[in-house]
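Here the protein sequences come in this chain order: H and L.
Going by my numbering, the letters in the first sequence line up with residues 1 to 421, in that order.
Going by my numbering, the letters in the second sequence line up with residues 1 to 307, in that order.
Mixed in with the good hints, there may be bad ones.
[To be verified] Dumping the calculated DSS-like pairs for lysine-lysine here, alpha-carbon to alpha-carbon at most 27 Å: (1) H/243 <-> L/148; (2) H/277 <-> L/148; (3) H/325 <-> L/148; (4) L/282 <-> H/247; (5) H/210 <-> L/282; (6) L/282 <-> H/243; (7) H/353 <-> H/324; (8) H/418 <-> H/403; (9) L/148 <-> H/248; (10) H/324 <-> L/282; (11) H/330 <-> L/69; (12) H/247 <-> L/148; (13) L/282 <-> H/248.
[What the hints assert, rightly or not] Sample of chain L residues facing chain H (criterion: CB under 8 Å; computed from the structure): (14) 26; (15) 72; (16) 157.
The hints are simulated quantities; they were obtained by calculation from the structure and are not laboratory data.
In this text, a Cβ means the ideal position worked out from N, Cα and C, and glycines have one as well.
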Amino acid sequence: MTMRMTDHVNGLGMSVAGRIRKAIPAAILLGAAVAAHAAEKLPTAKVMTTGLAVTDDEVTVGILHSLTGTMAISETGSVEAEKLAIAQINEMGGVLGRKIKFIVEDGASDWPTFAEKARKLLVQDKVAAVMGCWTSASRKAVLPVFEKENGMLYYPTFYEGLEQSKNVIYTGQEATQQILAGLDWIAKEKGAKTFYLVGSDYIWPRTSMKIARKHIENVLKGKVVAEEFAPLGHTQFGSLINKIKLKKPDVVFAAVVGGSNVSWFKQLKAAGITADKQTLLTISVTEDEVLGIGGENLVGFYSSMKYFQSLDNPNNKAFVPAFKKMWGEKSVIGDVTQAAYLGPWLWKATVEKAGSFDVDKIAAASPGIELKTAPEGYVKIHPNHHLWSKLRIGQWLADGQAKVVYESGLIEPDPFPKGYQ
Amino acid sequence: MGGYSLTELGSIFVMQGFSGLSLFCVFLLMALGLAIIFGQMGVINMAHGEFLTMGAYSTYFLSSLADSKFPGFLNYYFPFAILLGFVVAFIMGYLLELVMIRHLYKRPLDTLLATWGVSLVFQQVFRSAFGAREVSATLPPWLLGSVKPTETIDIPLNGLFMMGLTLCLTLLTFLYLFRSRWGLRVRATTLNRVMSGSVGINTKKVDRLTFALGCGIAGVAGAVFTTIASTGPTTGSLYIVDTFLVVVFGGAASLLGTIASAFSIAQAQSIMEFFMTSSMAKVFTLLGVIAVLMARPEGLFSTRVRK
């Protein structure tokens with residue numbers, strides 16, 4: 001009985017193998033036709049020498065974000081943008097003639113989980129690159145893994161700087177790119193001399209405020225009247241708002257994040273601090289946050305970002321409808337979502353320049369890679385693996401969109417700014 | 001005084017007093033439901049924050065319904081949202097007691113673990129139903145902005161509204177517990193379960209209604225909190241620590257203690273926040289609470305309960 005079953009199975013196997021054999025000449029013909037057409041399809045052995053998940057038709061990448069937990073709120077947009085970019089690249093024929101397949105892992109808003117999932121993606125799945133992480137804490141957790149296993153990470157969030165790695169491409173702004181030009185503008189435009197700094201109490205706002213203070217005191221010759229940090233998740237800003245009323249600063253410079261951000265703006269409005277009486281510049285509000293805060297609570301305040309959904313350029317006019325078509329008419333696109341969208345495109349351009357999927361070759365080929373199709377306009381990778389990018393000041397409207405009132409030139413990324421430490 | 005006029009300092013003093021009072025209301029609203037559940041019944045309900053979230057999402061649900069279908073209703077929906085928040089949380093609390101809590105009355109530590117599990121389940125349900133992003137209810141215009149009794153004083157309207165509601169809810173809870181037949185049964189059951197049973201009180205029914213009522217009050221608090229903060233799947237966990245802090249500090253079994261504790265913690269926090277950073281104010285508040293609890297382990301007010 002057992003024998004017969006085995007026979008039967010073997011028989012089946014034979015017939016399948018037979019069918020495949022018969023189909024092979026056709027596949028070769030077809031493959032040859034495609035290769036001739038694309039004229040760039042190199043054999044896998046040529047484009048990959050380090051055991052990555054690359055076949056003749058496919059290359060696998062990882063997407064590593066929080067799909068659950070407290071950070072899911074922010075990271076959802078990044079995942080959506082990365083999936084859109086990958087779908088569009090596949091439609092154009094993929095990377096070096098290979099379609100991109102992706103594996104999504106959930107970091108669950110938990111930093112050790114991020115490290116564990118990063119290891120899984122690199123060691124077990126052998127992915128060629130990873131688009132992922134959002135908070136600095138998660139990036140710091142996965143960094144040793146990427147450096148040890150020699151992986152490639154495309155990190156989308158604006159962050160505090162003071163980091164640079166062969167294994168990471170930072171597609172968001174480091175702190176000086178987001179802060180300095182914004183402060184320059186507000187000092188010039190509003191004649192601001194006194195600044196009140198408010199942030200959530202963790203590394204990114206603290207580093208950002210340190211840089212802001214140095215710039216205000218040393219370059220703008222202004223005065224910081226107070227620097228305040230509220231605990232993460234803080235929802236009661238009554239006392240802080242009273243202190244602002246007492247000090248009457250020319251500008252409130254804010255980096256409050258998460259749920260606190262909503263309470264902060266709602267209570268400012270309730271306490272009668274509105275744009276007609278108080279200038280406020282924030283580095284932590286994008287269209288994503290406005291959804292939660294409500295446009296009516298922000299009207300007239302300024303955000304300092306490199307991208308706003310309302311940007312008026314041909315790239316963005318194609319990007320916004322494509323995003324809405326894939327993820328729904330109601331979806332909004334914030335600064336980080338756009339930066340996440342750049343990840344797969346930058347990786348594709350780098351792979352094609354290097355002619356290889358190997359991480360060492362990509363790291364070496366990255367400096368100088370340009371992207372003229374970026375929704376934010378034009379970006380270029382600097383030798384320090386950050387992006388050259390512009391800074392925009394957006395003024396918020398009641399419908400949750402921003403009116404761009406200022407645009408800088410391309411700013412060089414400087415993750416270790418001298419004189420700001 | 002640093003170049004400030006007397007009127008300015010006076011205004012700040014008034015507004016600062018008001019912000020302390022509104023913080024007191026937030027604490028009291030949060031803690032009232034738990035004071036009944038934990039204080040009267042001794043159930044450590046880690047899912048209390050999620051009942052709060054339920055109320056908040058009910059408000060969001062009604063506001064988006066009004067926004068898209070009945071724009072004229074936007075002015076009036078808020079009282080209904082509070083009612084809906086209460087009803088939803090009450091029903092869920094009732095079911096939770098029926099299915100789970102009643103089997104765990106003799107094992108308080110297991111309730112801790114079980115209700116924590118329930119809170120995780122609720123969070124995932126919120127996430128699946130309403131999405132991971134934080135949402136904000138569209139507030140009726142009469143809740144936005146501030147009143148200006150003088151040129152330099154701004155009193156937020158939502159704060160005033162919250163104060164009024166807290167006052168009503170606290171009064172109702174008092175009347176219920178100390179002036180109604182039901183309250184009498186609740187207190188009797190708390191004091192001596194066996195004796196209450198033998199004089200004909202249906203203690204199981206009392207437990208179920210008390211638990212559901214506590215949850216319902218949390219739902220009301222959640223609905224009101226949409227005026228000051230946003231709502232996300234994990235909003236409840238933001239409040240749970242402070243809630244337990246207020247209830248334990250006040251003396252678990254005393255409603256008056258909860259009020260006194262909410263008041264003192266809120267004022268301490270609010271006043272210190274004015275003179276130092278919020279983080280440091282929190283540190284000193286917690287140190288103060290620890291010191292008091294070391295001296296009085298039972299909390300500020302303790303009622304003697306025969307075990």
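Of the hints stated earlier, which fail here? 3, 7, 8, 10, 15
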